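S.K.: All chains should be built: construct the whole structure from the sequences, respecting the hints.
There are 2 protein chains.
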Amino acid sequence: MNSVSPVQRAKMVNAFDPASVSGLSDSTKRSVQRRTSLLGPAYRLFYNEPVEVKRGTGVLLYDSDGNEYLDAYNNVVSVGHCHPRVVDAVGEQMRTLCTHTRYIQDSILDFAEDLLGTFGGRIEHVMFTCTGSEANDLAFRIAKHRTGKSGIIITDEAYHGNSDLTASFSPSLGRYSRLGAWVRRVPAPDPYRVPIDDMGEWMAEQVSAQIRDLERRGEGLAGFIADSLFSSDGIFAHPTTLLAPVIDVVHEAGGLFIADEVQSGFGRTGEAIWGYQRHGIAPDIVTMGKPMGNGFPVAAVAMTSDAVEGFGRDVRYFNTFGGNTVAIAAAQAVLDVVRDERLQENAHRVGTMIRDGFAALATRHELIGDVRGAGLYVGVEMVEDRETKKPDAAAAAAIVNGLRARRVLISATGPAGNVLKIRPPLVFSDAHVDRLLSETEAVMASL
Amino acid sequence: MNSVSPVQRAKMVNAFDPASVSGLSDSTKRSVQRRTSLLGPAYRLFYNEPVEVKRGTGVLLYDSDGNEYLDAYNNVVSVGHCHPRVVDAVGEQMRTLCTHTRYIQDSILDFAEDLLGTFGGRIEHVMFTCTGSEANDLAFRIAKHRTGKSGIIITDEAYHGNSDLTASFSPSLGRYSRLGAWVRRVPAPDPYRVPIDDMGEWMAEQVSAQIRDLERRGEGLAGFIADSLFSSDGIFAHPTTLLAPVIDVVHEAGGLFIADEVQSGFGRTGEAIWGYQRHGIAPDIVTMGKPMGNGFPVAAVAMTSDAVEGFGRDVRYFNTFGGNTVAIAAAQAVLDVVRDERLQENAHRVGTMIRDGFAALATRHELIGDVRGAGLYVGVEMVEDRETKKPDAAAAAAIVNGLRARRVLISATGPAGNVLKIRPPLVFSDAHVDRLLSETEAVMASL
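Which chain is which? The protein sequence lines are U and E, in order. To convert, note that position 382 of the first sequence is 382 in this note's numbering; the numbers rise steadily by one, no gaps. To convert, note that position 432 of the second sequence is 432 in this note's numbering; the numbers rise steadily by one, no gaps.
Careful, some of the hints might be misleading.
Given that identical chains are not distinguished, each listed pair holds provided it fits within a single copy or across any two copies.
[Unchecked claim] In silico lysine to aspartate or glutamate, DMTMM-like type, Cα no more than 25 Å apart, as pairs:
hint, residue 1, residue 2
1, K11, D340
2, K54, D336
3, K54, E92
4, K11, E366
5, K29, E124
6, K29, E68
7, K29, D106
8, K11, E384
9, K29, D198
10, K29, E441
11, K11, D314
12, K390, E366
Keep in mind the hints are simulated off the structure, nothing from the lab. The structure presented is a predicted model; accordingly, all values stated were derived computationally and were not measured.
M.R.: If you want it as structure tokens, here you go:
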């Protein structure tokens with residue numbers, strides 16, 4: 001025990017600190033106290049003043065008093081809160097049959113075929129789980145089985161899941177969450193702070209050095225895993241020449257390249273359906289989750305036949321709810337909507353508007369050190385000084401909480417917590433961009 | 001590579017072997033081939049002739065030709081396939097809001113309060129995951145964090161999940177799925193084969209010996225985990241004096257007792273809402289899953305405040321879909337239906353009828369060596385000879401597949417695969433019992 005508060009120990013950007021209830025309304029206070037009492041100490045709320053949500057539609061959320069919030073944060077409800085096609089698909093399938101994958105059903109096969117068509121390259125099979133954590137856990141189990149090795153290489157502030165295995169390679173959970181002895185980290189490819197001409201070559205060298213260390217310790221390399229947006233590292237969407245040299249050194253060492261598409265998949269980046277495709281690489285394993293069912297728990301691991309052959313022979317895999325009939329109905333509806341409503345294209349167009357808007361804000365506000373991202377995953381880095389680039393987490397927190405007070409929801413990320421994280425549902429419109437930008441300008445003017 | 005088929009290597013009772021497609025209909029063959037091609041080698045179907053399911057209601061399933069199957073197997077759809085209250089609750093919440101736990105919502109707190117009221121004892125908090133595997137994975141992470149130790153004790157053929165961590169303590173996945181070095185096994189409490197007067201004392205001695213070994217190796221004891229029905233060990237519901245002596249030695253060694261209620265929870269045993277309550281013990285952690293949302297992916301870990309205090313302070317836990325608004329709506333509807341329709345009482349009454357019926361069958365069929373279980377979790381053990389009690393897996397498989405041909409669905413379990421596993425939805429009625437028993441008698445007469 002010590003006097004450091006839980007929120008400070010278990011590091012989390014934009015977490016509400018239950019010790020700070022004094023300024024809150026009575027009903028919020030009561031809810032916070034009930035949560036602590038019922039759900040225990042491991043749960044966190046967002047914002048200095050937590051938000052109550054009661055209903056949602058599109059990119060709008062409402063509390064029980066009917067106050068409207070612009071949701072510029074939630075990437076799970078990628079096709080919009082309560083999209084009628086997803087609601088109907090889930091409802092219809094719930095009324096018909098909700099069961100597992102050990103009976104013959106066409107819908108899971110039709111969806112698998114549809115999904116597999118989006119990868120290209122060498123990806124041949126897909127296996128269903130319920131969460132992105134389960135997908136990354138399974139992916140690394142498969143990689144360990146395929147290679148007979150145990151080592152994994154990640155970026156410095158990576159997040160890949162909440163299972164025992166994936167938490168062991170998720171340093172962004174903070175220093176009290178122990179990393180595995182078989183985990184090696186490389187610096188995130190941060191072109192704002194580490195301006196290197198050939199960042200791909202540089203990153204491949206970093207990865208090579210860690211591979212040699214893993215081999216020297218007898219662990220060897222099972223795999224390299226990255227989210228191509230490096231979202232918890234601070235959102236680095238460029239350069240896109242980065243991962244090709246990395247996959248080469250990983251393959252030379254006999255390891256598998258795992259593309260974690262839990263955040264960057266399903267059109268989020270605007271430029272491709274999968275984030276890794278922006279880098280022109282062909283991974284061995286692709287994992288996906290969050291937006292896959294628009295909130296219905298469904299996730300998946302897709303892989304080459306070579307990667308899973310031995311695992312399938314020796315171990316088998318069954319996930320009771322994973323890929324059940326309703327999960328598949330939700331996932332099919334989401335994939336259909338992403339295509340039919342051209343949401344990848346919208347993400348590209350509207351995401352560019354957001355970045356342009358923040359770039360314009362940056363001409364008036366020295367606090368903004370960098371604006372970056374791809375599609376509807378935007379990072380805006382706050383610094384105390386543009387020369388030293390010293391991170392300004394307090395400014396980021398003030399903007400996040402200032403926007404929350406004006407009923408616009410975003411968050412922050414990065415090792416220093418100073419990067420605004422803006423990743424709304426993909427149905428964000430021009431008018432929503434205007435509202436986001438004008439509210440941000442108002443908050444920044446008041447700092 | 002070798003010539004042993006995948007199904008034989010990755011041991012699974014009642015798995016369809018894709019090498020045996022010759023006798024199947026063209027459409028089944030095509031589905032099997034599509035599955036192998038799209039989902040890869042790790043998936044398994046049930047039965048020698050896999051079953052197609054298209055829709056379900058209550059305890060009945062239908063294929064696309066309209067053939068009706070009596071479902072005496074599926075424990076996930078515990079309140080019956082497509083129960084209207086669950087369907088409506090999920091539909092209504094899907095239309096309103098589907099979002100995560102970092103906003104203030106009353107429904108999760110109301111449900112947590114309701115659920116926590118069912119445990120009694122020292123259980124104070126509940127945390128939500130999506131699957132039973134995630135629940136057991138989190139439970140053991142919490143136990144390791146609380147104790148600072150790494151060892152776990154399980155029964156010989158236990159199954160606790162499909163994550164890297166939980167698969168490492170799930171020997172029923174077969175010999176090619178590696179157990180952790182920090183895992184120790186004790187024999188299952190099998191009163192049919194190991195008739196010991198005080199089985200609780202005997203089991204506590206077995207556990208003590210393994211604790212000493214874990215301590216001698218420097219692992220130490222983090223926890224003991226068991227499903228109180230010992231379902232994958234062969235279904236041992238009695239004696240119920242078993243676990244009290246075990247929890248005492250676990251606590252003496254500083255370990256936590258984890259009650260895995262994924263199979264035995266929510267009234268399944270007929271005698272209590274939770275299986276461990278039949279043993280009169282107060283576990284430190286309770287995990288639950290399968291029937292919790294009647295197929296909607298929702299699961300949970302409930303625990304004492306003491307168990308989770310340090311974990312919550314140091315690590316935090318967030319599960320994107322775990323306990324989201326729709327998961328909570330599904331779980332609340334299920335808990336309400338279990339109570340309102342008195343399904344625990346029904347499980348007790350109807351389960352007794354099934355066991356009595358099989359006991360009567362046993363007077364005419366020497367193959368039946370033992371009939372056991374609690375509530376609607378029934379085990380019927382097939383033996384070649386009642387004196388030697390030699391397991392007869394072939395007879396069990398013949399009955400499972402014979403019933404499938406007569407459109408009654410059950411399966412088999414146990415280390416030798418010779419124990420019929422009968423665990424229908426809890427809405428099973430007297431007429432369904434008659435149908436199950438008369439079809440079983442017909443199959444046995446034809447053996």
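S.K.: Work down the list of hints and note, for each, if the structure agrees.
M.R.: Now for the hints, and whether the structure bears them out:
Neither within a single protomer nor between protomers do K11 and D340 lie at most 25 Å apart by alpha-carbon distance, with minima of 40 Å and 43 Å respectively. In the homo-oligomer, the alpha carbons of K54 and D336 lie at most 25 Å apart only across protomers (22 Å), although the nearest pairing inside one protomer, at 27 Å, exceeds that limit. For a Cα distance limit of 25 Å, the shortest separation of K54 from E92 qualifies both inside one copy, at 24 Å, and across copies, at 13 Å. Proximity of K11 and E366 under a CA criterion of 25 Å is satisfied in neither setting, with 27 Å inside one chain copy and 63 Å between copies.
Within a single copy, K29 and E124 get their C-alpha atoms only as close as 51 Å, which misses the 25 Å cut-off; across copies the closest is 20 Å, which meets it. Taking the shortest Cα distances, K29 and E68 sit within 25 Å of each other inside one copy (21 Å), while across copies they are farther apart (53 Å). Within a single copy, K29 and D106 get their C-alpha atoms only as close as 49 Å, which misses the 25 Å cut-off; across copies the closest is 13 Å, which meets it. For the identical chains of this complex, K11 and E384 are intra-copy neighbours only, at 21 Å inside a copy versus 60 Å across copies, given an alpha-carbon limit of 25 Å.
Taking the closest pair of Cα atoms, K29 and D198 never come within 25 Å of each other, the shortest separation being 52 Å inside a single copy and 52 Å across copies. With identical chains, the CA atoms of K29 and E441 are never at most 25 Å apart, being 30 Å at best within one copy and 62 Å at best between copies. Only between protomers do K11 and D314 lie at most 25 Å apart by alpha-carbon distance; the minimum there is 8 Å, versus 39 Å within a single protomer. Within a single copy, K390 and E366 get their C-alpha atoms as close as 12 Å, which meets the 25 Å cut-off; across copies the closest is 81 Å, which misses it.
In the structure shown, a violation is registered for the earlier hints numbered 1, 4, 9 and 10, in ascending order.
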